[in-house]
Amino acid sequence: MSILYDERVDGVLPKVDKSALLAELREQLPDMDVLHTQEDLKPYECDGLSAYTTTPMLVVLPERIEQVERLLKLCYQRNVPVVARGAGTGLSGGALPLEQGILLVMARFKHIIEVNPEGRYARVQPGVRNLAISQAAAPYDLYYAPDPSSQIACSIGGNVAENAGGVHCLKYGLTVHNLLKVEILTVEGERMTLGSDALDSPGFDLLALFTGSEGMLGIITEVTVKLLPKPQVAKVLLASFDSVEKAGRAVGEIIAAGIIPGGLEMMDNLAIRAAEDFIHAGYPVDAEAILLCELDGVEADVHDECDRVKVVLIQAGATEVRLARDEAERVKFWAGRKNAFPAVGRLSPDYYCMDGTIPRRELPGVLKGISDLSEEFGLRVANVFHAGDGNMHPLILFDANQPGELDRAETLGGKILELCVKVGGSITGEHGVGREKINQMCSQFNSDELILFHAVKAAFDPSGLLNPGKNIPTLHRCAEFGSMHVHHGKLPFPELERF
Amino acid sequence: MVVRHDADASAALLEQVNHALNSSAALRIQGGNSKAFLGRKVEGDVLDTRAHRGIVSYDPTELVITARAGTPLAELAAVLDEAGQMLTCEPAQFDGAATLGGMVASGLSGPRRPWSGAVRDLVLGTRLITGMGKHLRFGGEVMKNVAGYDLSRLLAGSFGCLGVITEVSLKVLPKPRQCLSLRLEMDAALALQKLAEWGQQPIPLSAASHDGKALHLRLEGGEGSVAAARERLGGELLESAYWAGLREQRLSFFADPRPLWRLSVPSHTGVLALPGEQLIDWGGAQRWLKSDADAVLIRQAVAAVDGHATCFTAGHCDNPFHPLAAPLLRYHRQLKTQLDPQGIFNPGRMYAEV
Chain S
1 MSILYDERVD
11 GVLPKVDKSA
21 LLAELREQLP
31 DMDVLHTQED
41 LKPYECDGLS
51 AYTTTPMLVV
61 LPERIEQVER
71 LLKLCYQRNV
81 PVVARGAGTG
91 LSGGALPLEQ
101 GILLVMARFK
111 HIIEVNPEGR
121 YARVQPGVRN
131 LAISQAAAPY
141 DLYYAPDPSS
151 QIACSIGGNV
161 AENAGGVHCL
171 KYGLTVHNLL
181 KVEILTVEGE
191 RMTLGSDALD
201 SPGFDLLALF
211 TGSEGMLGII
221 TEVTVKLLPK
231 PQVAKVLLAS
241 FDSVEKAGRA
251 VGEIIAAGII
261 PGGLEMMDNL
271 AIRAAEDFIH
281 AGYPVDAEAI
291 LLCELDGVEA
301 DVHDECDRVK
311 VVLIQAGATE
321 VRLARDEAER
331 VKFWAGRKNA
341 FPAVGRLSPD
351 YYCMDGTIPR
361 RELPGVLKGI
371 SDLSEEFGLR
381 VANVFHAGDG
391 NMHPLILFDA
401 NQPGELDRAE
411 TLGGKILELC
421 VKVGGSITGE
431 HGVGREKINQ
441 MCSQFNSDEL
451 ILFHAVKAAF
461 DPSGLLNPGK
471 NIPTLHRCAE
481 FGSMHVHHGK
491 LPFPELERF
Chain X
1 MVVRHDADAS
11 AALLEQVNHA
21 LNSSAALRIQ
31 GGNSKAFLGR
41 KVEGDVLDTR
51 AHRGIVSYDP
61 TELVITARAG
71 TPLAELAAVL
81 DEAGQMLTCE
91 PAQFDGAATL
101 GGMVASGLSG
111 PRRPWSGAVR
121 DLVLGTRLIT
131 GMGKHLRFGG
141 EVMKNVAGYD
151 LSRLLAGSFG
161 CLGVITEVSL
171 KVLPKPRQCL
181 SLRLEMDAAL
191 ALQKLAEWGQ
201 QPIPLSAASH
211 DGKALHLRLE
221 GGEGSVAAAR
231 ERLGGELLES
241 AYWAGLREQR
251 LSFFADPRPL
261 WRLSVPSHTG
271 VLALPGEQLI
281 DWGGAQRWLK
291 SDADAVLIRQ
301 AVAAVDGHAT
311 CFTAGHCDNP
321 FHPLAAPLLR
331 YHRQLKTQLD
341 PQGIFNPGRM
351 YAEV
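First to last, the sequence lines map onto chains S and X.
Each residue of the first sequence is one higher than the one before, starting from 1 at the first, in UniProt numbering.
Each residue of the second sequence is one higher than the one before, starting from 1 at the first, in UniProt numbering.
Just so you know, these hints were derived from the structure itself, not from any lab.
Computed from a predicted structure; not experimentally measured.
Just so it is clear, CB atoms sit at the ideal spot from N, CA and C, and this is done for glycine as well.
There's no promise every hint is true.
Calculated cross-link-like contacts (lysine-lysine; reagent style BS3-like; alpha-carbon spacing at most 27 Å) [as the list claims (entries may be wrong)]:
#	chain 1	residue 1	chain 2	residue 2
1	S	Lys246	X	Lys175
2	X	Lys175	S	Lys310
3	S	Lys226	X	Lys175
4	S	Lys171	X	Lys175
5	S	Lys171	S	Lys181
6	S	Lys310	S	Lys230
7	S	Lys171	S	Lys310
8	S	Lys181	S	Lys110
9	S	Lys338	S	Lys230
10	S	Lys73	S	Lys18
11	S	Lys171	X	Lys194
12	S	Lys171	S	Lys246
13	S	Lys226	S	Lys181
14	S	Lys181	X	Lys194
15	S	Lys226	X	Lys194
16	S	Lys110	S	Lys42
17	S	Lys230	X	Lys194
18	S	Lys230	X	Lys175
19	S	Lys73	S	Lys110
20	X	Lys134	S	Lys422
21	S	Lys310	S	Lys246
Stretch by stretch, here's where chain S covers chain X in the computed footprint (C-beta under 8 Å, at least three residues) [stated by the list, open to error]:
#	segment
22	57-68
23	136-144
Covered, in the sense of this in silico footprint (three residues per stretch, anywhere, with C-beta under 8 Å from a C-beta of chain S), are these stretches of chain X [as the list claims (entries may be wrong)]:
#	segment
24	149-156
25	213-226
26	261-274
27	318-328
Please take these sequences and the hints and turn them into a complete structure.
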């Protein structure tokens, strides 16, 4: 069942007269860049989920918050849908445009307004890149902890909208744990402050609600993030295992020993070989699984914890444990992991990255399930795993030029997510629902739960103009998706054995 | 993995909510009623969560515990302690009466909050009886979960105004290997200045409070870092009981008969000039005030530094929670209307209109 916006099941969108709207924008906002020709719109037809494209009706590129305010007021009056976009690196199609809507690009808001070392916060515009915040804080030996792998490109506004994660979440939390305050514009173009410069604020925790709400409840115009002192040292251990199960158990043993690593990553054999081939990180290519365990903090503690973790790893059956000798080797160990996606991309014309989370104890069963599905669908799957926090990134290899392979990859991905839900996990740990996982939301939530989500939406955007169709599926879509499951015959590729 | 089934009373709770919905009768939700002093008075039939208790699942290596709302915090703490783990938000237990549901509904965190997060930061999932009379599940037992809106964290600190929390999954962490407390004689102004400076350095602080006479610090971490920090900071060793006294509001400061206010301010705010006595907590971000001063005066002073003030003394103030800006209040009302259309859950507990 296609994930592109389908008015039949996703709801009828307001009809907008493009030329009238363009004329009105030019009149009311003469100094704001508006793109409207086919060739100018083309680059904005997708975000990081590039397999799905929709040409937006118009793209606007404001540079001042007043312009956004005015634009939203106009869109509210004229009943025009608005899809917000940051750097466009999102992996779930959260910024996938609508043919009948405006794409509001916030990427030009790049100003770092304030870095306050005494208060340990930075106040920035939404288009500021994630890494740029840490760079601006570096002179004070402070940094912004969440580090999604796209951190050199992704913007903080998008990070808030998606509640972005990264490889250090177990110890340092997600975006939601590292925010103090956001300024937003409501669908009516009204300014509102959520959170405060203090550690809490009166009333409901709307800051938490807005974080990860995928541009459905308001438009983020400013973000105040917490800064942390940089850890004195970070050391990385690389452990090899002859089975994925043993590696999985080792993760539990490390935590049982009372140690919370800064990062704890697992890769399976296919991912190891791909990364080694690409980066030459020194990974053991014959290992069934490796664990990368980073310990950070004050030097004396880190030294001590390295010794403890080494013992735990060996007792858990590691065939080899290596401590990165120096900073250069540490960076190399990480480079292999951080480039695992493009590395896997070299094995195959296309790959599709999943983002399910599971309770860690379910790992062996889920990996077995993935490998069975991989065989069933005839597509290879490489596994990269934020092992510390149970967030899996199975990478499905396929070739979009082979007719039907994208659909097959998509169906396989859906099955993997449903498996995650079945063992008590979630369909998305950090990439968001967007349009990509809109159908799988029907597996994770029942209709009463979805109704409550729609009620939350209605409290902030009753006319449904902000990012229509993302994050929460309509009951209509779920009914259709559900019936597709029940009636096997309607599935694409009936020649495939599935059930 | 420990699995216990003490008593699942959710069917009875759901029935009581449905009964209230049928008769449009307000409910006053309570667990141990240990935080009755906080918020506005609610008229309504009591919905008591305490029969719905017990730990549903706990696997220390997953760092997650799931328990029913009526579970006493003391029981939860004991089970975690046995496995060498803890609730890092360090909630008050108020003579053992406080429950898990009340902790989440009030969102009140203890001295470790600035370093380890608030109650809301630990919430991974909840079960909720809604204003539509349904018992639903949001979030889950995994660390990362961005499917749908984050209703679980929204419930933290919502004082029962959005529904009845029946079950909560929380992230838990291992206890630190080493813990020691220090007392450093200095005035409040210097203490705040020092805290702003130390906050920028990797010092293993886990609590910092100034009681008017001296700065009290707690260090937690590995043996090496705690020893190094102790050496560097100096001062004299302090009994760790100070922190329980602070958390439970049993220090002599709290015995002062004047009304108690909680001031939440940016941590690097200097000494606040207000009539009465102050005690600094949360490394400067939370100031307790004992004062007869007028609510308006206190709120103006705190708002001027971008903070807010909550009155912690029952009945002293018509609006114990800091007033909301007009657009915020409007969206609070709209959210309340959507999630609790009949207005049966703790109406008016936070704000008259919500």
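The hints, checked one at a time:
1. S:Lys246 to X:Lys175: 26 Å, holds
2. X:Lys175 to S:Lys310: 20 Å, holds
3. S:Lys226 to X:Lys175: 24 Å, holds
4. S:Lys171 to X:Lys175: Within the cut-off at roughly 14 Å; holds.
5. S:Lys171 to S:Lys181: Given that 27 Å is the threshold and the Cα spacing comes to 21 Å, the pair holds.
6. S:Lys310 to S:Lys230: 24 Å, holds
7. S:Lys171 to S:Lys310: Satisfied, since the Cα-Cα distance of roughly 19 Å is no more than 27 Å.
8. S:Lys181 to S:Lys110: Judged against 27 Å, a Cα distance of about 17 Å means the pair holds.
9. S:Lys338 to S:Lys230: Holds. S:Lys338 to S:Lys230 sits at ~20 Å (cutoff 27 Å).
10. S:Lys73 to S:Lys18: 17 Å, holds
11. S:Lys171 to X:Lys194: 26 Å, holds
12. S:Lys171 to S:Lys246: Status holds; Cα separation ~23 Å.
13. S:Lys226 to S:Lys181: 9 Å, holds
14. S:Lys181 to X:Lys194: 25 Å, holds
15. S:Lys226 to X:Lys194: 19 Å, holds
16. S:Lys110 to S:Lys42: With a Cα-Cα distance of about 23 Å, the restraint between S:Lys110 and S:Lys42 holds, given a limit of 27 Å.
17. S:Lys230 to X:Lys194: 18 Å, holds
18. S:Lys230 to X:Lys175: Within the cut-off at roughly 22 Å; holds.
19. S:Lys73 to S:Lys110: 23 Å, holds
20. X:Lys134 to S:Lys422: It holds: about 22 Å lies between the C-alpha atoms, which stays within 27 Å.
21. S:Lys310 to S:Lys246: OK: S:Lys310 and S:Lys246 at ~15 Å, within 27 Å.
22. 57-68: holds (count 6)
23. 136-144: holds (count 8)
24. 149-156: Coverage by chain S holds for the segment 149-156 of chain X (6 residues, Cβ < 8 Å).
25. 213-226: holds (count 5)
26. 261-274: holds (count 5)
27. 318-328: holds (count 7)
In the structure shown, no violation is registered for any of the earlier numbered hints.
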